[in-house]
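Enquirer: Residue strings, one per chain:
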Amino acid sequence: MNLKELYQEIILEHGKNPRNLGKTDNFNKDAKGNNPLCGDNVHVYLKLNDQRKVEDISFEGSGCAISMASASIMTDLIKGKSDNEAKEIIEDFLGMIKESPELKNKILKEDDKTKLMCLSGVKQYPMRVKCATLSWHTLVSAMENNGKQVSTED
Amino acid sequence: MNINAIKKEFPIFEEKIQNNDLVYLDSANSSQKPRVVIDRINEFYTKEFSNVGRSIHYLAVAATNLYESTRSSVQKYINAKDKNEIVFTKGATEALNLVANTLGQKYLKEGDEILLTELEHHSNYVPWHYLRKSKNIKINFAEINELGEIPIENIEKKITSKTKIIAINHLSNVTGAILPIKEISELAHSKGIIVVVDGCQGAPHLKIDVQDLDCDFYAISCHKMYGPTGLGILYGKKKWLEELPPYQGGGGMIKEVKKDRITYGDLPNKYEAGTMATAQVIAFDQSIKFLENIGIENIMRHEKELVEYGQEVLRKNNSVRLIGNPKNRGGVLSFTIEGVHPHDIATILDEDGVAIRAGHHCCQILHDKLEIPASARASVGVYNTKEDFDQLNDSINKCKKIFNLK
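For the protein sequence lines, the chains are A and V, in the order given. Sequential numbering of the first sequence, starting at 1, is according to this note's numbering. Sequential numbering of the second sequence, starting at 1, is according to this note's numbering.
Hints in this document: simulated from the structure, not taken from any laboratory. Glycine residues also receive a C-beta, built at the ideal position from the N, C-alpha and C atoms. Check each hint, because a few of them may be wrong.
Some chain A residues judged to face chain V by a derived CB distance under 10 Å, without partners named [said to hold, decoys possible]:
| id | residue |
| --- | --- |
| 1 | 10 |
| 2 | 12 |
| 3 | 16 |
| 4 | 19 |
| 5 | 21 |
| 6 | 37 |
| 7 | 39 |
| 8 | 62 |
| 9 | 65 |
| 10 | 66 |
| 11 | 125 |
| 12 | 131 |
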């Protein structure tokens, strides 16, 4: 186990100063997620325009450094992508957290991938994986707009 | 009282946890088990196993005697008047569900009120919440004061002519406050109100005399009391246990079963349907002996010293904010660190072998009131030492370093 890998500078920085925090104006899709075991909550807001592009994305919530940083980095990277691109990035990220040693998508630039790989430290901490993935699952739910609340314990 | 010798009775402390000595500060969640308890489970399954209360062969009779002898030990330990006032359950949660369910069926009617406190664990709220829907019962909450206590005035304030039950914890698993149960019982009974006590944190750490406390029900969690998991105890005054209906139906709890009618068994069988946690009950006798050998007064003195020391150490740490400061308290210290989420604290502490709990500790009502999503909690058992709090503080400082705090 390695705490330095888990709490990299970029995680701490995003955790302390999360980007895209708050409720975006004119959102047309949103979803709530929660982790009943620890009380972490996240609410993802999304504006998907007529060309199916994520025009704006933000989140509200409270949680640990990992969950806040993950939501912050996620919203940064998803903004401006098409819904299909976003879905590919989400799938790739969740695959990486689960088992894959690297990110495979060709959408993100290398430095963005590096940023995202900073979250791979949670792989060594099974109890913390959910902290990193909650906002991503909530984003999926928002995009599908199925009105279903995401829970880490479903 | 020789803590090092006591600690040696717990095999877990011989283990290295991720190459560290274990600093176990999570006893409010569940206590570690002394060797006598672990060995007793093994021995029972190896040499003495049989189901209880049914067959008449040698092993069945011997196991039944052992099972019933734990009931007598519990009766003596909490000073219940009658052996049949002790009911085994699968946990304190089941004990509280049993009380809420059966009082709901037989005793409560639409519009009646139940008084809880803001300190209650979910297991002493959710079972009562069910009655909101099924019986249209109203639930009120006595408020905490600024020290994280529930003074009796705050209970009195919330009692109305419709209050039928007061359900309260004995010792808060978040602020550590000890509630004045005896005074609350006196007040409640003067108004004809039933008192149900969630004694999960009380029974392992305080001297329990149910006749002196005079509560109507007292729920105990055995795994927090140096005993096995899967076992709880419900103490109930005989008049209530006799009057209330059975909770679960099944084998062992009946007198006579016919196609058109069923009559139920006497106490305590009436409430012990199906095969019970036999090995756990038998091993729990050893937990009580373990506690009796040390002496609860000694344990209380030791834990008081520990929590005073823990407070002193954590107060000196400028980033730590302790939650609550009750005058009469048990060995639970909940805290937050400005700028570090409790889950991050717990992960970093864990790296040093320091086991604490982070989250809302099944007390969301309280955390909402305090306007914090979660907290970190260090809680003590008989095996803890002052050095454990020194290590806790060192590891908290490591947290602060990782998060660049001063």
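Enquirer: So, for every hint listed, does it hold in this structure?
Expert: These are the hints, each one checked on the structure:
no.: 1; hint: 10; in the structure: 13 Å, violated
no.: 2; hint: 12; in the structure: 6 Å, holds
no.: 3; hint: 16; in the structure: 7 Å, holds
no.: 4; hint: 19; in the structure: 18 Å, violated
no.: 5; hint: 21; in the structure: 15 Å, violated
no.: 6; hint: 37; in the structure: 7 Å, holds
no.: 7; hint: 39; in the structure: 5 Å, holds
no.: 8; hint: 62; in the structure: 5 Å, holds
no.: 9; hint: 65; in the structure: 5 Å, holds
no.: 10; hint: 66; in the structure: 7 Å, holds
no.: 11; hint: 125; in the structure: 6 Å, holds
no.: 12; hint: 131; in the structure: 7 Å, holds
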